[in-house]
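Student: So the chains spell out like this:
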Amino acid sequence: MTVAPTDLLGLDDAELSRMVADGSAEALEVLYLRYGRVVLAFSTRMMGDRQSGEELVQEVFVRAWRRARSFSSDRGSYVTWLLSITHNLCIDEIRKRNRRPQRAGSTDPVQVLVNVRDSGPSVELTTELSELRTVMANAMKTLPDHQRQAVELAFYQGLTQREVAEALDEPLGTIKTRIRLGMKKLRDYLEEHEVSAP
Amino acid sequence: MSDQPPNSSALKLVDPAGECSFCRDHLGAYSLQALDRVDQGLVEQHLRWCADCRNELVRHEAITTGLSLQGVDVGVPAPSTWMAISARLTEDDETTVPSRRASTSAGQASAAGRGARWLPISVIAPLVLAVILLSAWSWSLQRDLAVSEDELSNHTLLNSTLATSQQVQLYSMEQSCPTCDGVGQVGVSESNDMGMVVGWDFDPQVTHDVWGVDHAGERSRVCSLIIAQDGAVMQMFSFPDAPSNFTDLLITDQSGKLVYQSHIMATDEVTAPSGSPAS
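Quick mapping for you: the protein sequence lines, in order, are chains A and B. Each residue of the first sequence is one higher than the one before, counting from 1 in this note's numbering. Each residue of the second sequence is one higher than the one before, counting from 199 in this note's numbering.
Hints in this document: simulated from the structure, not taken from any laboratory. Treat the hints with care, as some may be off.
What the hints assert, rightly or not - Coverage of chain A stretches by chain B, computed from C-beta distances (three or more under 8 Å per stretch; other residues unrestricted): (1) 8-18; (2) 50-59.
Stated by the list, open to error - What follows is a set of in silico ranges between Cβ atoms, one per label pair, in the way DEER data are often shown: (3) Arg75(A) with Glu289(B): 23 to 31 Å; (4) Phe435(B) with Thr174(A): 23 to 31 Å; (5) Thr288(B) with Asn138(A): 39 to 47 Å; (6) Arg419(B) with Glu26(A): 39 to 47 Å.
Glycine included, each C-beta is placed from N, C-alpha and C at the ideal position.
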């Protein structure tokens with residue numbers, strides 16, 4: 001018997017992910033409705049243009065379908081898992097193309113999650129993600145410019161530390177130190193504000 | 199500090215505390231995926247056995263998720279995006295997701311079976327030949343191995359379970375490929391300079407290369423894995439030189455990321471008592 005996606009809107013992510021693992025494309029469609037926008041925002045930032053971002057969204061949800069059995073809600077939320085897949089695929093694509101998209105931070109980030117609630121994720125999760133997004137943005141502002149730049153180049157442009165060093169014309173050791181200290185400061189800031197990955 | 203002491207030279211660091219220190223210094227860059235291949239391999243190797251460092255890695259998850267949420271809102275994906283995804287799911291269901299097929303209706307399974315009957319002979323013939331060859335080789339390996347389960351348990355490596363005679367070493371990939379969840383076994387036969395990979399659940403769209411690392415640390419590409427549509431790998435390969443000239447066997451994905459590493463033990467290492475360092 002076919003189930004319409006609208007019949008599944010009330011289910012939580014864990015239940016939907018189990019259904020996806022059992023082969024329900026309808027359950028994946030509901031998760032897509034919930035998180036397609038967040039994934040697109042991230043992939044567009046990583047890839048530098050919307051078209052590439054849309055293509056990446058396809059790849060992310062196809063991979064989420066193929067690897068559905070490897071997701072465990074005990075280890076974290078579905079959206080965290082999706083964003084991790086997105087990052088991996090973007091880095092693969094960027095390195096494959098051997099091109100560099102727009103500089104991270106060249107466009108001011110705006111509220112991504114403002115309409116997510118309309119598509120049905122829980123209020124708690126939406127609040128958690130919004131809080132993490134806000135605290136993270138503030139945490140980045142506390143970093144010295146050179147540390148923030150190194151972290152952003154690595155994360156958003158998929159550069160290795162060596163490539164960051166070449167791009168900035170700095171010694172590799174300097175970049176390693178900047179990333180290490182930057183990440184430590186970010187971690188301490190997030191823990192101080194008691195936010196964690198959902 | 200750790201689940202168990204390392205039993206491999208792969209990390210190149212003898213002192214476990216030193217390994218943790220090295221790992222933690224690099225965890226931030228590792229979570230950003232900014233390490234080069236060598237450092238990434240060393241960190242991954244360490245994480246396999248060190249629960250403390252794995253817990254430390256979890257502390258970085260909020261950072262990467264938080265960074266992922268700093269995207270620029272460009273609205274919802276175009277309607278055509280879901281249509282394209284949906285079409286690919288249908289394709290997958292018919293060709294590459296056998297585990298799901300089992301849970302679908304008998305009618306669907308039957309339809310998939312009908313599709314299989316139309317595979318061209320040019321595809322089936324090499325597969326049949328490969329199965330015959332592998333079966334013969336597998337029988338030969340079993341005869342060479344001739345080791346009991348107790349003996350097998352006495353030869354456990356950091357990331358691999360070793361079953362061996364003087365001719366053959368088998369390593370099982372205890373952790374799945376971080377890129378595509380593939381798992382399986384790697385075999386090395388010193389007697390005929392041959393190797394073998396048998397695996398499953400590999401992503402056929404991700405290229406995987408097999409490399410040998412010689413005593414000077416130089417890598418030589420051995421082959422690319424041929425992954426069937428259902429994710430299975432059954433492949434034999436020849437080493438470019440005698441296996442004893444290699445210290446490690448690596449598998450990398452298409453981005454060059456290290457997904458599996460085995461220290462190839464020399465015969466004298468193989469017969470060492472359980473628990474003694476392989477290096």
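Student: All hints are to be evaluated individually against the structure, with a verdict given for each.
Tutor: Outcome of the hint check:
1. 8-18: As far as the segment 8-18 of chain A goes, the hint is violated, because 0 residues have Cβ atoms under 8 Å from chain B.
2. 50-59: holds (count 5)
3. Arg75(A) with Glu289(B): 23 to 31 Å: holds (29 Å)
4. Phe435(B) with Thr174(A): 23 to 31 Å: For Thr174(A) against Phe435(B), whose Cβ atoms are near 42 Å apart, the range 23 to 31 Å is violated.
5. Thr288(B) with Asn138(A): 39 to 47 Å: holds (44 Å)
6. Arg419(B) with Glu26(A): 39 to 47 Å: Hint holds: Cβ distance 44 Å, inside 39 to 47 Å.
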